[in-house]
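Let the sequences and hints guide you as you build the complete structure.
If you read the sequences in order, they're chains A and B.
So in the UniProt record's numbering, spot 6 of the first sequence is number 6, and the numbers just go up one at a time.
So in the UniProt record's numbering, spot 104 of the second sequence is number 104, and the numbers just go up one at a time.
Bear in mind the hints are in silico, worked out from the structure with no lab data behind them.
Some clues are possibly wrong.
In silico DSBU-like cross-links for lysine-lysine, where the CA-CA straight-line distance does not exceed 30 Å [stated by the list, open to error]: (1) B:Lys115 <-> A:Lys132; (2) A:Lys297 <-> A:Lys132; (3) A:Lys132 <-> A:Lys16; (4) A:Lys129 <-> B:Lys115; (5) B:Lys115 <-> B:Lys42; (6) A:Lys132 <-> B:Lys42; (7) A:Lys16 <-> A:Lys129; (8) A:Lys297 <-> B:Lys115; (9) B:Lys42 <-> A:Lys16; (10) A:Lys129 <-> B:Lys42.
Negatives, chain A to chain B, calculated, CB over 12 Å [claimed, not checked]: (11) Thr48; (12) Ala80; (13) Val97; (14) Arg158; (15) Tyr295; (16) Arg299; (17) Pro303.
Positions of the beta carbon are idealized from the N, C-alpha and C atoms, including for glycine.
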Amino acid sequence: MNGEPEVHEEFEARLKAYEGRPAAATGVGRDPVNEPMIRHWCEAMGDTNPAYTGPNAIAPPTMLQAWTMAGLSRRPERTAAYDELLGLLDESGHHAVVATDCEQEYLRPLRPGDEITFDSVIESVSERKTTKLGPGYFVTTRTDIRAGGELAGTHRFRILKYAPARRPKDPKDRKDPKDPKNRKDPKDRKAPEERRPRPVVNRDNAGFWEGVARHELLIQRCTGCGTLRFPWLPGCNSCGSLEWDTVEASGEGTVYSYVVMHHPPFPTFAPPYAVGLIELAEGVRIISNVVGVPYDKVRIGMPVRLEFRRYDEELVLPVFQGVTR
Amino acid sequence: MNAGDRLPPLEIPITRTLIVAGAIASRDYQDVHHDPEPARQKGSPDIFMNILTTNGLVGRYITDHFGPRAELRRVAIRLGAPNHPGDTMVLTGTVEEVDGDLVTVRVVGANGIGKHVTGTVTVRVPG
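This is how it looks when you write it as structure tokens:
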């Protein structure tokens with residue numbers, strides 16, 4: 001695809017070069033382990049474990065990383081290597097960050113008064129991954145945390161640096177989808193500059209789209225053996241014949257199977273919505289939207305009826321209206 | 001206690017307050033954990049819980065069950081579906097292995113959109 005993979009390869013090689021380099025050097029905890037931070041943590045978590053209070057209190061072990069956090073201050077311990085790595089990802093558009101994995105081992109409890117130091121290494125940088133949030137790279141670091149110079153715990157942390165996928169711009173699109181008044185048809189909600197994807201029309205399927213333009217759903221029929229086929233293909237799967245004609249679907253069908261799309265959102269598609277695998281009365285199946293019924297009322301076996309819906313000045317698509325009883 | 005034993009579930013309402021309080025208690029000032037607009041610009045419908053809070057809640061779930069003498073040895077978690085305000089997360093646990101006084105528990109935290117967290121916790125439970 002137009003040379004793009006090579007660009008990724010070269011870029012990924014640059015990222016990989018950071019593996020094994022330090023991410024933080026001789027970091028010092030902003031505060032020693034202390035009772036107020038422990039109390040704030042326990043209040044937030046709703047944790048009433050008596051081990052975390054009183055004269056022999058220990059810190060909740062899961063606070064391990066909290067003692068290394070810079071908060072709103074600068075991070076003097078962060079290395080140039082780690083800054084460069086994150087900078088490369090920022091500049092290439094992967095500016096957003098989310099943590100995905102945390103593995104901690106606790107070797108000795110931390111107690112109020114313990115002075116924290118830590119060192120961190122860039123363990124790995126992944127290849128480019130496609131995620132629900134958008135394309136990005138996973139960066140894994142491993143941190144050794146010491147108390148009074150003694151190893152107290154290890155902390156492996158993975159973040160995803162990603163280029164955010166586009167979301168609907170109109171905040172109204174994010175109303176509670178369970179509220180029936182927000183179950184509008186997608187066509188009513190599309191932003192004017194956004195259009196549904198265009199069908200790919202080629203020699204093998206042009207006849208189908210010509211039929212759609214006339215509001216006819218055409219099924220191919222092999223003139224050799226009479227087998228119906230859909231979607232359109234050059235040859236017959238049963239007898240191999242390349243000769244065919246068409247029959248017009250009656251428009252009656254049932255939901256053979258379906259999924260409800262919640263995520264990810266695509267422009268002009270307002271989730272949640274139902275995508276149905278419709279079995280036509282003629283016996284072939286077609287994938288399309290099930291419309292006219294709330295997404296959570298679509299059921300296998302539900303009768304549906306073909307209709308043609310105009311999405312913009314150019315685009316008409318066959319969709320299926322749910323027939324509720 | 002045996003492998004296969006199930007821990008009673010713990011239901012945690014995901015309030016805006018919990019998300020923000022957890023982020024600040026863990027000194028995590030990433031805007032996506034307290035400010036909805038930057039969260040939206042980064043592709044999220046609202047603020048979401050930070051991983052340190054999830055980690056703390058998973059630890060709490062285990063020590064709530066095994067008692068104050070239980071010592072956490074290892075907590076390894078992976079995040080999936082984010083915890084947004086208004087959701088509820090239900091933590092469930094299954095004992096995976098018992099080795100002397102070391103117990104390994106498989107933990108899942110499910111919210112309204114899927115599995116927020118999956119992980120394993122190793123805890124020492126003195127006999």
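Do the hints match the structure? See the list:
With a C-alpha separation of about 14 Å, the suggested pairing of Lys115 of chain B with Lys132 of chain A holds against the 30 Å cut-off. Of the pairs offered as hints, the one joining Lys297 of chain A and Lys132 of chain A holds, with about 26 Å between alpha carbons and a cut-off of 30 Å not exceeded. About 23 Å separates the Cα atoms of Lys132 of chain A and Lys16 of chain A, which keeps this hinted pair within 30 Å; it holds. With a C-alpha separation of about 20 Å, the suggested pairing of Lys129 of chain A with Lys115 of chain B holds against the 30 Å cut-off.
Between Lys115 of chain B and Lys42 of chain B the alpha-carbon distance is near 21 Å, which keeps this suggested pair within the 30 Å criterion. Only pairs whose Cα atoms come within 30 Å are accepted, and Lys132 of chain A paired with Lys42 of chain B is accepted, the gap being roughly 12 Å. For the suggested pair Lys16 of chain A and Lys129 of chain A, the alpha carbons sit about 14 Å apart, so the restraint of at most 30 Å is met. Between Lys297 of chain A and Lys115 of chain B the CA atoms are separated by roughly 24 Å; this keeps the pair inside 30 Å, and the hint holds.
For the suggested pair Lys42 of chain B and Lys16 of chain A, the alpha carbons sit about 25 Å apart, so the restraint of at most 30 Å is met. For the hint pairing Lys129 of chain A with Lys42 of chain B, the CA-to-CA distance comes to about 17 Å; that is within 30 Å, so the pair holds. For Thr48 of chain A, the non-interface assignment is contradicted: its Cβ lies about 8 Å from the closest Cβ of chain B, within the 12 Å cut-off. With a cut of 12 Å on Cβ distances, Ala80 of chain A stays outside the contact zone with chain B, its closest approach being about 22 Å.
Against the 12 Å criterion, Val97 of chain A falls within the reach of chain B, whose nearest CB is about 7 Å from its own CB. Not every C-beta of chain B lies more than 12 Å from that of Arg158 of chain A, the closest at about 8 Å, which undercuts listing it as non-interface. Against chain B, the non-interface label of Tyr295 of chain A holds: every CB pair exceeds 12 Å, the least being about 15 Å. The beta carbon of Arg299 of chain A sits about 21 Å from the closest Cβ of chain B, which is more than 12 Å, so the claim that it is off the interface holds.
Listed as a non-interface residue, Pro303 of chain A keeps its Cβ farther than 12 Å from every Cβ of chain B; the least gap is roughly 30 Å.
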